[in-house]
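Sequences listed follow chains A and B, in order.
Per our numbering, the first sequence starts with residue 1, numbered consecutively.
Per our numbering, the second sequence starts with residue 526, numbered consecutively.
FYI, nobody ran anything at the bench for these hints, they're computed from the structure.
From a predicted model like this one, the values you see are computed outputs, not experimental measurements.
Wrong hints could be hidden among the right ones.
[Claimed, not checked] Reference listing, derived: stretches of chain B covered by chain A, where coverage requires no fewer than 3 residues with Cβ under 8 Å from a Cβ of chain A:
no.: 1; stretch: 678–686
no.: 2; stretch: 812–821
no.: 3; stretch: 858–867
[As the list claims (entries may be wrong)] Cross-link-like lysine-lysine pairs, in silico, DSS-like; alpha carbons within 27 Å at most:
no.: 4; chain 1: B; residue 1: Lys-896; chain 2: A; residue 2: Lys-207
no.: 5; chain 1: B; residue 1: Lys-896; chain 2: A; residue 2: Lys-220
no.: 6; chain 1: A; residue 1: Lys-207; chain 2: B; residue 2: Lys-757
no.: 7; chain 1: A; residue 1: Lys-10; chain 2: A; residue 2: Lys-391
no.: 8; chain 1: B; residue 1: Lys-811; chain 2: A; residue 2: Lys-230
no.: 9; chain 1: A; residue 1: Lys-423; chain 2: A; residue 2: Lys-391
no.: 10; chain 1: A; residue 1: Lys-423; chain 2: A; residue 2: Lys-220
no.: 11; chain 1: A; residue 1: Lys-230; chain 2: B; residue 2: Lys-896
no.: 12; chain 1: B; residue 1: Lys-757; chain 2: A; residue 2: Lys-190
no.: 13; chain 1: A; residue 1: Lys-465; chain 2: A; residue 2: Lys-10
no.: 14; chain 1: B; residue 1: Lys-896; chain 2: A; residue 2: Lys-190
no.: 15; chain 1: A; residue 1: Lys-207; chain 2: A; residue 2: Lys-230
no.: 16; chain 1: A; residue 1: Lys-349; chain 2: A; residue 2: Lys-207
no.: 17; chain 1: A; residue 1: Lys-392; chain 2: A; residue 2: Lys-376
no.: 18; chain 1: A; residue 1: Lys-376; chain 2: A; residue 2: Lys-422
no.: 19; chain 1: A; residue 1: Lys-349; chain 2: A; residue 2: Lys-190
no.: 20; chain 1: A; residue 1: Lys-392; chain 2: A; residue 2: Lys-336
no.: 21; chain 1: A; residue 1: Lys-490; chain 2: A; residue 2: Lys-422
no.: 22; chain 1: A; residue 1: Lys-178; chain 2: A; residue 2: Lys-150
no.: 23; chain 1: A; residue 1: Lys-150; chain 2: A; residue 2: Lys-112
no.: 24; chain 1: A; residue 1: Lys-407; chain 2: B; residue 2: Lys-896
no.: 25; chain 1: A; residue 1: Lys-465; chain 2: A; residue 2: Lys-391
no.: 26; chain 1: A; residue 1: Lys-207; chain 2: A; residue 2: Lys-178
no.: 27; chain 1: A; residue 1: Lys-13; chain 2: A; residue 2: Lys-392
[Claimed, not checked] Interface residues of chain A toward chain B, partial, derived using beta-carbon atoms under 8 Å:
no.: 28; residue: Ala-209
no.: 29; residue: Asp-212
no.: 30; residue: Ile-214
no.: 31; residue: Leu-216
no.: 32; residue: Pro-218
no.: 33; residue: Glu-227
no.: 34; residue: Ala-228
no.: 35; residue: Ala-231
no.: 36; residue: Ala-232
no.: 37; residue: Gly-425
no.: 38; residue: Phe-449
no.: 39; residue: Val-450
Yeah, the Cβ is synthetic: ideal placement off N, Cα and C, and Gly gets one too.
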Amino acid sequence: MRDITRERFKDGKPILRRYHQARWDEPIIFELGSPGERGILPPPVESDIRAAAGDVLDTLPQGMRRRQPPALPEISQPQVLRHYDRLSQETLGADFNIDVGQGTCTMKYSPKVNEDIARSAGAASIHPYQDDETVQGLLEIMYGLEQILKEVSGMDRFSLQPGAGSAAIYAATSIIRKYHELRGESEQRKEIITTSFSHPSDAACAKTAGYDIITLPPDKDGYPDFEAFKAALSERTAGIQMTNPEDTGVFNPNIADFVDLAHERGALCFYDQANANGILGITRAREAGFDLCHFNLHKTFSTPHGCGGPAAGALGVTEELAEFLPAPVVMFDGEKYRLDHDRPNSIGKVRAFHGTIGSVVRAYAWAMSLGADGMKTAAEIAVLNNNYLLKKVLEIPGVTAPYATGKHRIEQVRYSWEDLTKKTGVHSEELGVRAADFGVHYWTSHHPFVVPEPMTLEPTESYTKAELDEYVEILRQVAKEAHASPDFVKDAPYNCPIHQVDHEPLDDPEQWAVTWRAYRKKLKV
Amino acid sequence: MSIALPKLGLIVNPVAGLGGAVGLKGSDGESTQRQALAMGARPRAPERAIKALQRLAAIDSPFELLTCAGSMGSEEAASCGLEFTVLEGPSGLTTPRHTRDAARAMAEQGVDLLLFAGGDGTACDICEAVGDRLTVLGIPAGVKIHSGVYAISPDAAGRLAAEFVRGRSFETMAAEVMDQDEEALRKGRVSVRLHGYLHIPRHRALTQGTKSSSAVGESVAARIAAADVVRKMEAGRTYIIGPGTTTREVMAALGLAGTLVGVDVVRDSQLLVKDAGEQQILELIKGRDTAIVVTVIGGQGYLFGRGNQQISARVIREVGADNIIVVATRQKLNSLRWRGLLVDTGDDEVDAMLGGYVRIVTGTGEQALCKVGDPDLTVQVQVPIEPPGSGD
Chain A
1 MRDITRERFK DGKPILRRYH QARWDEPIIF ELGSPGERGI LPPPVESDIR AAAGDVLDTL
61 PQGMRRRQPP ALPEISQPQV LRHYDRLSQE TLGADFNIDV GQGTCTMKYS PKVNEDIARS
121 AGAASIHPYQ DDETVQGLLE IMYGLEQILK EVSGMDRFSL QPGAGSAAIY AATSIIRKYH
181 ELRGESEQRK EIITTSFSHP SDAACAKTAG YDIITLPPDK DGYPDFEAFK AALSERTAGI
241 QMTNPEDTGV FNPNIADFVD LAHERGALCF YDQANANGIL GITRAREAGF DLCHFNLHKT
301 FSTPHGCGGP AAGALGVTEE LAEFLPAPVV MFDGEKYRLD HDRPNSIGKV RAFHGTIGSV
361 VRAYAWAMSL GADGMKTAAE IAVLNNNYLL KKVLEIPGVT APYATGKHRI EQVRYSWEDL
421 TKKTGVHSEE LGVRAADFGV HYWTSHHPFV VPEPMTLEPT ESYTKAELDE YVEILRQVAK
481 EAHASPDFVK DAPYNCPIHQ VDHEPLDDPE QWAVTWRAYR KKLKV
Chain B
526 MSIALPKLGL IVNPVAGLGG AVGLKGSDGE STQRQALAMG ARPRAPERAI KALQRLAAID
586 SPFELLTCAG SMGSEEAASC GLEFTVLEGP SGLTTPRHTR DAARAMAEQG VDLLLFAGGD
646 GTACDICEAV GDRLTVLGIP AGVKIHSGVY AISPDAAGRL AAEFVRGRSF ETMAAEVMDQ
706 DEEALRKGRV SVRLHGYLHI PRHRALTQGT KSSSAVGESV AARIAAADVV RKMEAGRTYI
766 IGPGTTTREV MAALGLAGTL VGVDVVRDSQ LLVKDAGEQQ ILELIKGRDT AIVVTVIGGQ
826 GYLFGRGNQQ ISARVIREVG ADNIIVVATR QKLNSLRWRG LLVDTGDDEV DAMLGGYVRI
886 VTGTGEQALC KVGDPDLTVQ VQVPIEPPGS GD
């Protein structure tokens with residue numbers, strides 16, 4: 001009998017798998033099915049019932065009735081099943097690949113048991129307009145998650161209403177704006193300061209809220225330049241919005257100095273905690289002096305990223321700013337929970353109803369299953385995994401980790417392939433495409449690139465040493481190929497569902513459509 | 526009926542790069558060249574040109590190659606087995622005049638893409654000869670490679686030329702041609718000058734790695750930043766517009782045709798003077814509310830370089846350091862690695878006045894902070910001994 005385990009390793013290193021992804025060339029669902037085909041055929045209403053109840057459609061106001069039936073695909077169940085399963089085989093999502101390549105996204109495991117809970121009747125079949133009395137369980141979960149987030153961050157009140165990280169940041173900027181409005185200083189304070197490595201949402205949300213943006217450069221260690229900050233700060237500053245630790249994986253040791261100085265000038269401080277996974281139970285927004293902070297429940301708190309949503313952003317504030325939070329907020333009097341809508345200084349609603357409740361339930365379940373000690377352990381493992389990966393990746397010729405050379409990082413690292421690119425002419429994006437031939441993906445960086453030829457990796461606590469070793473072997477192999485035969489790497493991928501796509505049409509709105517309806521419109525059919 | 530074949534030009538500066546390996550700060554001038562050869566330097570440009578040409582030798586698509594005699598191109602092309610036509614000219618010891626003559630001849634013959642192997646000195650010569658009449662691409666081979674006209678390596682230059690011959694078309698963009706005063710450099714002083722602009726193909730091979738394939742290209746970003754500057758311009762105020770492609774966008778946003786290398790003066794959206802000298806500027810701004818609008822020049826990041834005689838220390842004193850508006854793209858600032866911007870007006874007091882942190886307009890309602898005038902940077906300039914892409 002052959003020992004198959006012998007075929008998995010050589011000299012202690014994993015042998016790369018002979019990966020090949022499925023290719024179905026699957027049509028769009030609207031091209032499938034045929035007129036009259038149905039997935040479910042409800043039985044006709046019995047004559048006695050019809051006689052008693054009449055036609056339910058008569059109860060619908062005329063103005064709300066469709067004139068045409070909806071243009072839905074007409075297709076039966078097994079075809080729907082096959083169609084979506086095939087599409088799933090052509091993607092490289094978190095359920096398939098060693099998804100450590102998505103720096104700052106924190107692609108930790110979204111426990112499937114939490115799906116069961118979130119989809120149970122008690123969570124999924126309730127209605128947002130139900131009386132508070134009848135949804136005490138859900139309100140207890142919302143209140144409970146808020147208490148957990150308060151303990152993790154040190155802040156006084158949270159809103160779970162924002163439907164995304166950016167939505168939470170935008171809500172934070174709106175609170176900053178309202179705060180200055182009430183003080184009669186909104187005309188004077190028109191600027192928000194951020195940093196080059198902060199998440200672009202910090203600048204984008206501030207801009208959308210009507211502010212001018214001042215971006216601080218990195219100093220030689222990769223921290224926001226404190227001297228530049230002093231020069232940027234003025235009585236025109238409304239607030240600072242910064243991510244810490246930044247995507248480089250370094251934690252700004254002087255973050256409290258930034259906050260103190262901003263406060264001296266009357267500005268508010270918002271802490272973008274997209275990168276919280278390495279600091280849970282270790283350091284908090286409150287101790288650094290921040291007035292507002294947010295968490296991405298779909299990053300740190302394990303809820304699924306859902307291919308762009310639905311996500312959930314939790315926004316935390318100090319007591320002083322609590323009056324501005326979106327309404328309603330959950331109150332507890334020791335016996336009963338209720339939704340408080342009486343918030344005269346609230347910035348208003350930032351999402352329909354109470355936010356992405358399914359994700360609130362999942363995040364609560366995750367946090368409760370770990371407990372405080374468990375969450376801290378998760379952070380420690382995430383940091384350990386990241387530093388293990390850092391050491392292994394730096395052994396590959398051609399890659400460096402700019403800034404904080406020789407030091408540890410928190411939960412992610414932004415690497416640079418610049419040395420390899422100079423030698424071989426192969427760019428980071430091309431390396432990433434070749435890596436997909438082994439079943440993994442990586443993310444470069446936000447645009448425009450500050451670190452040249454970037455690669456940003458964040459292993460989280462969810463991947464094993466064996467998986468990290470496999471990921472490193474893939475990078476090593478691709479780098480080796482780039483040195484030996486750059487053209488081979490440049491012409492990748494070879495084992496993926498599609499080959500290279502011409503990017504030009506992607507920049508031309510006349511040549512793309514994100515919905516079938518938009519496609520039909522642009523096709524002028 | 527014959528199909529017009531793509532026409533490539535090739536000029537090799539056989540003495541480019543001679544000085545670097547032996548520690549001389551460049552290769553201009555016959556005495557420097559002789560000194561370098563005596564010190565055992567061997568010419569690098571020919572082998573780099575050959576590396577690029579090997580890419581062209583490997584493809585099937587036909588093309589015409591026009592080049593110069595001897596080691597200015599013919600020898601290199603022959604060693605790769607390429608067919609070519611030779612321009613009239615000398616084949617022995619060559620001078621910048623030969624480079625200029627060859628470039629002019631190629632422009633007259635309608636070359637589609639001119640490849641040159643050399644450094645900033647060669648780039649300046651070609652720029653003087655043909656300006657923006659030709660599309661040019663540099664095979665990096667000199668000691669001074671501060672201009673923005675080179676591919677990241679000889680191989681990358683060859684790949685781009687091969688893609689062009691195989692039928693791919695490129696947009697072109699203006700790239701800075703910089704020059705340094707070698708005598709000043711040997712004395713430990715940096716003195717960089719914006720010589721002019723050449724048109725190069727817009728292609729990833731020319732990026733320095735900090736630029737990304739993002740949807741908002743650098744030229745769009747420049748347009749957006751320039752529009753923000755124009756939106757905030759005040760009536761009755763005089764604006765001195767410095768050289769550069771980003772400041773050219775400011776002129777374009779005003780609906781005016783300015784000069785790329787020269788300094789233009791505007792007021793109330795009217796062009797007062799095009800390509801003004803220092804005296805003219807001083808007369809125009811005397812007693813008037815004025816602002817200077819500049820961008821970041823060169824691979825070193827100069828705001829005011831010694832060669833920028835027009836916006837002199839006197840002009841800056843008259844205008845005041847508080848009335849300087851800097852406009853640049855984030856891509857440009859990223860490519861400078863946030864080292865800090867340089868000023869060298871020739872007047873230490875004015876240089877000191879300009880030091881500290883400056884706000885740079887990078888977009889609509891967007892500014893970035895950048896440091897200016899770190900003395901460490903102006904004194905010790907690392908002149909690269911090896912051109913980029915030389916890790917073979």
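Hints versus structure:
1. Beta-carbon proximity to chain A at under 8 Å applies to 4 residues in the stretch 678–686 of chain B; the threshold of 3 is reached and the given coverage holds.
2. Figure legend: the stretch 812–821 of chain B, annotated as covered by chain A; annotation inconsistent (0 residues with Cβ-Cβ distances under 8 Å, at least 3 required).
3. Three residues within the 8 Å Cβ limit are the bar, and the stretch 858–867 of chain B against chain A gives 3, so the coverage statement holds.
4. Among the hinted pairs, Lys-896/B with Lys-207/A is consistent with the structure: their alpha-carbon atoms are about 24 Å apart, no more than 27 Å.
5. About 12 Å separates the Cα atoms of Lys-896/B and Lys-220/A, which keeps this hinted pair within 27 Å; it holds.
6. For the given pair, Lys-207/A sits about 17 Å from Lys-757/B by alpha-carbon distance, which is consistent with the 27 Å threshold.
7. With a CA separation close to 20 Å, the supplied pair Lys-10/A and Lys-391/A stays within the 27 Å bound.
8. Distance hint between Lys-811/B and Lys-230/A is unfulfilled; the C-alpha atoms sit about 34 Å from each other, more than 27 Å.
9. For the hint pairing Lys-423/A with Lys-391/A, the CA-to-CA distance comes to about 22 Å; that is within 27 Å, so the pair holds.
10. Our distance criterion of 27 Å between C-alpha atoms is met by Lys-423/A and Lys-220/A, whose separation comes to about 25 Å.
11. For the suggested pair Lys-230/A and Lys-896/B, the alpha carbons sit about 12 Å apart, so the restraint of at most 27 Å is met.
12. With a C-alpha separation of about 15 Å, the suggested pairing of Lys-757/B with Lys-190/A holds against the 27 Å cut-off.
13. Distance hint between Lys-465/A and Lys-10/A is fulfilled; the C-alpha atoms sit about 16 Å from each other, no more than 27 Å.
14. Under the criterion of a C-alpha separation no larger than 27 Å, the hint pairing Lys-896/B with Lys-190/A is consistent with the structure, at around 23 Å.
15. For the suggested pair Lys-207/A and Lys-230/A, the alpha carbons sit about 21 Å apart, so the restraint of at most 27 Å is met.
16. Using a Cα cut-off of 27 Å, the hinted pair Lys-349/A and Lys-207/A holds, with the two alpha carbons roughly 20 Å apart.
17. Of the pairs offered as hints, the one joining Lys-392/A and Lys-376/A holds, with about 25 Å between alpha carbons and a cut-off of 27 Å not exceeded.
18. Of the pairs offered as hints, the one joining Lys-376/A and Lys-422/A is violated, with about 41 Å between alpha carbons and a cut-off of 27 Å exceeded.
19. Taken as a hint, the Lys-349/A and Lys-190/A pair is honoured in the structure, with Cα atoms around 23 Å apart against an allowance of 27 Å.
20. Only pairs whose Cα atoms come within 27 Å are accepted, and Lys-392/A paired with Lys-336/A is rejected, the gap being roughly 53 Å.
21. Distance restraint check for Lys-490/A and Lys-422/A: the Cα-Cα separation of roughly 14 Å lies within the 27 Å cut-off, and the hinted pair is therefore satisfied.
22. Note on Lys-178/A and Lys-150/A: the hinted pairing holds, with a Cα-Cα distance of about 23 Å set against a maximum of 27 Å.
23. Note on Lys-150/A and Lys-112/A: the hinted pairing holds, with a Cα-Cα distance of about 26 Å set against a maximum of 27 Å.
24. Between Lys-407/A and Lys-896/B, the direct Cα distance comes to roughly 26 Å. Compliance with the 27 Å bound is thereby established for this hinted pair.
25. Distance check on the hinted pair: Lys-465/A and Lys-391/A sit about 13 Å apart at the alpha-carbon level, within 27 Å; holds.
26. Between the alpha carbons of Lys-207/A and Lys-178/A the distance comes to roughly 15 Å, so the proposed pair stays at or under 27 Å and holds.
27. Of the supplied pair hints, the one linking Lys-13/A and Lys-392/A holds, its CA atoms being roughly 12 Å apart against a limit of 27 Å.
28. Below 8 Å, beta-carbon pairs count as interface contacts, and Ala-209/A has none with chain B, the closest being about 11 Å; its hint is therefore violated.
29. Interface restraint check for Asp-212/A: the shortest CB-CB distance to chain B comes to about 4 Å, inside 8 Å, so the restraint holds.
30. The interface hint given for Ile-214/A is met, as the beta carbon of that residue sits about 5 Å from the closest beta carbon of chain B, less than 8 Å.
31. For Leu-216/A, the suggested interface contact is upheld, since its CB lies about 6 Å from the closest CB of chain B, less than 8 Å.
32. A cut of 8 Å between beta carbons decides the hint on Pro-218/A: the least distance to chain B is about 6 Å, and the hint holds.
33. Because the closest C-beta pair between Glu-227/A and chain B is about 7 Å apart, less than 8 Å, the hint holds.
34. Nearest Cβ of chain B to the Cβ of Ala-228/A: about 4 Å, under the 8 Å cut. The hint holds.
35. At about 4 Å, the closest approach between the beta carbon of Ala-231/A and any beta carbon in chain B falls short of 8 Å, and the interface hint on this residue holds.
36. With its C-beta approaching chain B no nearer than about 5 Å, Ala-232/A sits inside the 8 Å limit, and its interface hint holds.
37. Contact between Gly-425/A and chain B, as hinted, is supported at the beta carbon level, the nearest pair being about 5 Å apart and thus within 8 Å.
38. The beta carbon of Phe-449/A comes within 5 Å of a beta carbon in chain B, closer than 8 Å, and the hint placing it at the interface holds.
39. The beta carbon of Val-450/A comes within 5 Å of a beta carbon in chain B, closer than 8 Å, and the hint placing it at the interface holds.
Of the numbered hints given earlier, the model fails hints 2, 8, 18, 20 and 28; all others are met.
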